[in-house]
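Given the sequences, and given the hints that come with them, work out the whole structure.
Chains as they are written, first to last, in the working numbering: chain A, 1 to 195; chain B, 196 to 390.
Quick caveat, the hints were computed from the structure, so don't treat them as lab data.
Keep in mind that the hints are not guaranteed to be accurate.
Below, in silico cross-link-like pairs of lysine-lysine (DSS-like), each with a Cα-Cα straight-line distance of 25 Å or less [stated by the list, open to error]:
1) B/Lys215 <-> A/Lys142
2) A/Lys20 <-> B/Lys337
3) B/Lys278 <-> A/Lys186
4) A/Lys20 <-> B/Lys215
5) B/Lys251 <-> A/Lys142
6) B/Lys215 <-> A/Lys16
7) B/Lys211 <-> A/Lys16
8) A/Lys56 <-> A/Lys16
9) B/Lys215 <-> B/Lys381
10) A/Lys20 <-> B/Lys211
11) A/Lys87 <-> A/Lys20
12) B/Lys283 <-> B/Lys337
13) B/Lys211 <-> B/Lys283
14) A/Lys16 <-> A/Lys88
Protein chains: 2
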Amino acid sequence: MTIPSFILASGSPRRKQLLKQIGLDFSIIPSNVDEDFSIDLPPEAFTEHWAREKAKTVASDHPDSLIVGADTVVVFDGKILGKPKDKKDSFSMLQSLSGHTHEVITGVSFFSLDHNIDITFNERTFVSFIALSDIDINNYIKTYNPLDKAGSYGIQDGFSVYIHRINGCYYNVMGLPLSSFYTRLKLIAPLVQIS
Amino acid sequence: MTIPSFILASGSPRRKQLLKQIGLDFSIIPSNVDEDFSIDLPPEAFTEHWAREKAKTVASDHPDSLIVGADTVVVFDGKILGKPKDKKDSFSMLQSLSGHTHEVITGVSFFSLDHNIDITFNERTFVSFIALSDIDINNYIKTYNPLDKAGSYGIQDGFSVYIHRINGCYYNVMGLPLSSFYTRLKLIAPLVQIS
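See the structure below:
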């Protein structure tokens, strides 16, 4: 599936990898939008809001393109966890998630000014960790430096041994719910003349 | 974690990739055991039987090593699906799984003659496909030639867009339930003098 001028408005290497995995042709133009965690929205609306802001910002410079924005957060105990501020924050996030089930929510937004597209949705996946020792956590942080990841872990790296089960879309946890993304993209595609 | 002479008794490139992902040092010696699907066992016992047979076969030539064997099957509608015989079989497997939820069961066996280790377990993951068109299925088979995969799909390749959700361990579907594998390996490790 080739879409003329399909742009991923994200600098995440995981999202780039996922779009490559499903064989899409795309360019990358990260938005310079900074998430403001003080905004008072429930997690689902929070991710949708920022996914759409990211897509909209890039769309203003590329009105004829189809832009996809995405925003992923971890939710535990009613609190939204974004990327950790530093290693100490990383440790405390992983310690709180240890032995429990949390939610990962990704908001996804398709935006195109010229094609009149403005579609946003979110998807939720439950992730269960086994109990981690302090040594496990410190070793993981030292080896993988997970400061660029919501919740401070990568489901696809060495952390995978601590993830006992998930319920929902695996790729959603990596930053993009591939199946829902693809299903919607196929519906949108005729509007942007997919070749 | 380094285990002296830890051997993966499987030629599966996915299992090799998973053990690398968690940083294990290991050698690969595929067993030459051929699964006999006519053997009358429930799916869980079937995978455990063949995982253990594979490990045992390699262990007989390497009595001082710790061997891991694994066997993965797809179960749908009470029937065990192994690897497809040919492209036609591949098509009919994917057509039957389309729009439904099936089970993936992996049996895992740790075996060491000198260290007196003989531990086998199985893990189950539920996988839900969206509805696939005949064109989707034919395109997938043409591009990915999934003849070496139980159930005729790879959860980690271009098929990922058709997998709506899973319930259980993702890596189990790739051929090795990493979290359960690692938890048991840590219990076994002292017996084989892990350094």
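Check: A/Lys20 and B/Lys337: Cα distance at most 25 Å?
Finding: Holds, at about 18 Å.
Next item on the list: Compare the distance between the alpha carbons of A/Lys56 and A/Lys16 with 25 Å, and conclude whether the hinted pair is satisfied.
Entry: holds, 19 Å
Item checked: 25 Å limit on alpha-carbon distance, applied to hinted pair B/Lys211 and B/Lys283 -> violated, 28 Å
Notebook entry, point to check: Are B/Lys211 and A/Lys16 close enough, with their CA atoms no more than 25 Å apart?
Noted result: holds, 24 Å
Check: Holds or violated: A/Lys87 with A/Lys20, Cα cutoff 25 Å?
Finding: This hinted pair is violated, its Cα atoms lying about 31 Å apart.
Item checked: Restraint status (C-alpha distance of A/Lys16 to A/Lys88 at most 25 Å) -> violated, 28 Å
Item checked: Restraint check for B/Lys251 with A/Lys142, where alpha carbons must lie at most 25 Å apart -> With a Cα-Cα distance of about 37 Å, the restraint between B/Lys251 and A/Lys142 is violated, given a limit of 25 Å.
Note to self: Given the hinted pair B/Lys215 and B/Lys381, is their Cα-Cα distance within 25 Å?
What the structure shows: At roughly 16 Å apart (the allowed maximum being 25 Å), B/Lys381 and B/Lys215 satisfy the hint.
Next item on the list: Starting from A/Lys20, check that the Cα of B/Lys211 is at most 25 Å away, please.
Entry: holds, 22 Å
Next item on the list: With a cut-off of 25 Å on the C-alpha distance, tell me whether A/Lys20 and B/Lys215 pass.
Entry: holds, 22 Å
Notebook entry, point to check: Is the hinted pair B/Lys278 and A/Lys186 satisfied, with a Cα-Cα distance of at most 25 Å?
Noted result: violated, 30 Å
Next item on the list: Starting from B/Lys215, check that the Cα of A/Lys16 is at most 25 Å away, please.
Entry: Measuring from Cα to Cα gives roughly 22 Å; hence the hint holds.
Violated hints, in rising order: 3, 5, 11, 13, 14; the structure is consistent with all others.
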